[in-house]
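Undergrad: For reference, the chains in residue letters:
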Amino acid sequence: MQSITFRAMGCQMHAFLDSETDDANALLQSVPRWFAEWERILSRFRTDSELSALNRQAGEGWVRVSPTLWEVVNDALVAARLSDGLVTPTVLPVMEMVGYDRDFAQVRNGGAVAVPVDVPPPGDWRALRLDPARRAVMLPPGMRLDLGGIAKGWAAERAARRLARYGPALVDAGGDIAVRGARVGGEPWAIGVDDPLHPGEHLAILLLSSGGVATSGRDLRRWRQGDVERHHIIDPRTGAPAQTDILAATVVAPSLHEAEVAAKVVMILGRQAGMQWLNARPWLAGLLVTETNDILHTATLDRYIWRERVLEVSYE
Amino acid sequence: MAQRSIPSRTPAQAIKAFISTAAVAATLSGWALLAAQNRAAALQSDPLLSTLPVETAQPTITAPPPAWLMAPPPIPTLQPLITVVQPPAPLAPEAVVVNPAPPVSANPPALRDVSAPVTVSQPVQRPVPVVTTRSSR
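For the record, the sequence lines run as chains A and B. Here numbering that gives the first Met the number 0 is used: the first residue of the first sequence is 0, the next is one more, and so on. Here numbering that gives the first Met the number 0 is used: the first residue of the second sequence is 0, the next is one more, and so on.
Please note that a few of the clues may not be correct.
[Said to hold, decoys possible] Below, a sample of chain B positions facing chain A; criterion: calculated Cβ distance under 7 Å:
| no. | residue |
| --- | --- |
| 1 | Ser19 |
| 2 | Thr20 |
| 3 | Leu68 |
| 4 | Gln124 |
| 5 | Pro126 |
| 6 | Pro128 |
| 7 | Thr131 |
| 8 | Arg133 |
[Stated by the list, open to error] Label pairs and their computed distance ranges (CB to CB):
| no. | chain 1 | residue 1 | chain 2 | residue 2 | range |
| --- | --- | --- | --- | --- | --- |
| 9 | A | Gln275 | B | Pro126 | 25 to 33 Å |
| 10 | B | Gln124 | A | Ser208 | 15 to 23 Å |
| 11 | B | Gln124 | A | Ala52 | 46 to 54 Å |
| 12 | B | Pro126 | A | Arg164 | 47 to 55 Å |
Source of the hints: derived by calculation from the structure; they are not laboratory data. The beta carbon of each residue, even a glycine, is placed where N, CA and C say it ideally should be.
Same shape as in the complex, but just chain A (with noise of 0.2 Å):
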């Protein structure tokens, strides 16, 4: 098995394929050039992006966009209808009102801060307009998109994809993984989950041979704007850090995308209401911390979860 180790959108990378031809190391080392080129469209801290471009011209008219660009923007909208508006790209004024306004190691390495201030809810997303046939996004006055997880999710399958035409593939998005294909033999790939208390040790195993999984949570991504602690999770009904008592959520799903989207909406929803909301969508599993350190997961999780098996007693 060849792997390749990078960093990209902010993020720790890896990418691993398990095959042993010069072709696939070939390719294997394409994977960081593949992210540059995503980041260079899809970030929001870039000045030159694709993105900030397109945020400019809000309220403009009509803008064409690059492929990628389209499909990330479309994944971003399939999040907001599968959440009921709760995943939204729409935040990102929100976001950077409450501090996050410039990648995520500027804002831990102690930039200044703006205090808190009262900040307008997000604009619906429904009203950020699309026109396939030629390929152009009109944003309303105001709105801005932040593609954050959303494009971080599409470039780890995108890259699993094109990897996966040399062998089994398995790319991890600074935390979030998708993966194609059970490895050479029919193993499963492990999967390890951090457990938020204990950084470096694992709450579980999960073994997947195929799909996503993602993880949600605001034990890292946090910082003080004047005497308030913010996370970057935001509520969009809210219009602020979401008050949850979750701290982390992890979800098995069949695309990464749908992983990403339910760690966000189980985070925001909380212990009760996202237990719920994953019960009802038994293709999803998910294992949820809870501030009081209690450990949930719903029972779809077994498919995935490893456990030492019970000793066997063989005759020969």
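Given chain A's structure and the hints, the job is docking chain B onto it.
TA: Structure of chain B alone, referenced to chain A:
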């Protein structure tokens, strides 16, 4: 308009008509007389007809109807062609007698030696995760 004259009847014609009518009347009267005489003679000569009772006026019947007319007709009793045999009542469950377990011997027999070696499979190794899912970092 043309008028048709009606010729008047002559005395000779009237006499002819009278004679014809009288002859017809006499013929019919004679036939009737002969027929009456023939029927009386036939009744006297036929023995069957002579035995028929002579119908006379009868008084209103007041006697009760016969008993056989008032009684309902007898219904024959059908004999069954197949004799239905009732199944036998289920047997009462028999009490199961369980032999008491043999008393435990204070000196159990020695375990039999097994020629094949016994091996215990090793527990499946905890898989080493290739990656870890966590909130973005």
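Undergrad: Now tell me if each hint is right for this structure.
TA: Tested hints:
1. Given the 7 Å rule on beta carbons, the hint for B/Ser19 is violated: about 124 Å separates it from the nearest Cβ of chain A.
2. Taking 7 Å as the C-beta cut-off, the interface hint given for B/Thr20 is violated, the closest approach to chain A being about 124 Å.
3. A cut of 7 Å between beta carbons decides the hint on B/Leu68: the least distance to chain A is about 87 Å, and the hint is violated.
4. The criterion of a C-beta within 7 Å of any C-beta in chain A is not met by B/Gln124, whose closest approach is roughly 10 Å, and the hint is violated.
5. Taking 7 Å as the C-beta contact cut-off toward chain A, the hint placing B/Pro126 at the interface holds, the least distance being around 4 Å.
6. A cut of 7 Å between beta carbons decides the hint on B/Pro128: the least distance to chain A is about 3 Å, and the hint holds.
7. At a threshold of 7 Å, the smallest CB-CB gap from B/Thr131 to chain A is about 4 Å, leaving the interface hint in force.
8. For B/Arg133, the interface hint holds, since its Cβ comes within 7 Å of a Cβ in chain A; the closest pair sits about 4 Å apart.
9. Between A/Gln275 and B/Pro126 the beta carbons are some 32 Å apart, a value that agrees with the proposed interval 25 to 33 Å.
10. Between B/Gln124 and A/Ser208 the C-beta distance comes to about 19 Å, which sits within the given range of 15 to 23 Å.
11. A C-beta distance of roughly 52 Å is found between B/Gln124 and A/Ala52, which places it inside the suggested range of 46 to 54 Å.
12. The given range of 47 to 55 Å is broken by B/Pro126 and A/Arg164, whose C-beta atoms sit roughly 26 Å from each other.
In terms of the numbered hints stated before, the structure departs from hints 1, 2, 3, 4 and 12, listed from lowest to highest.
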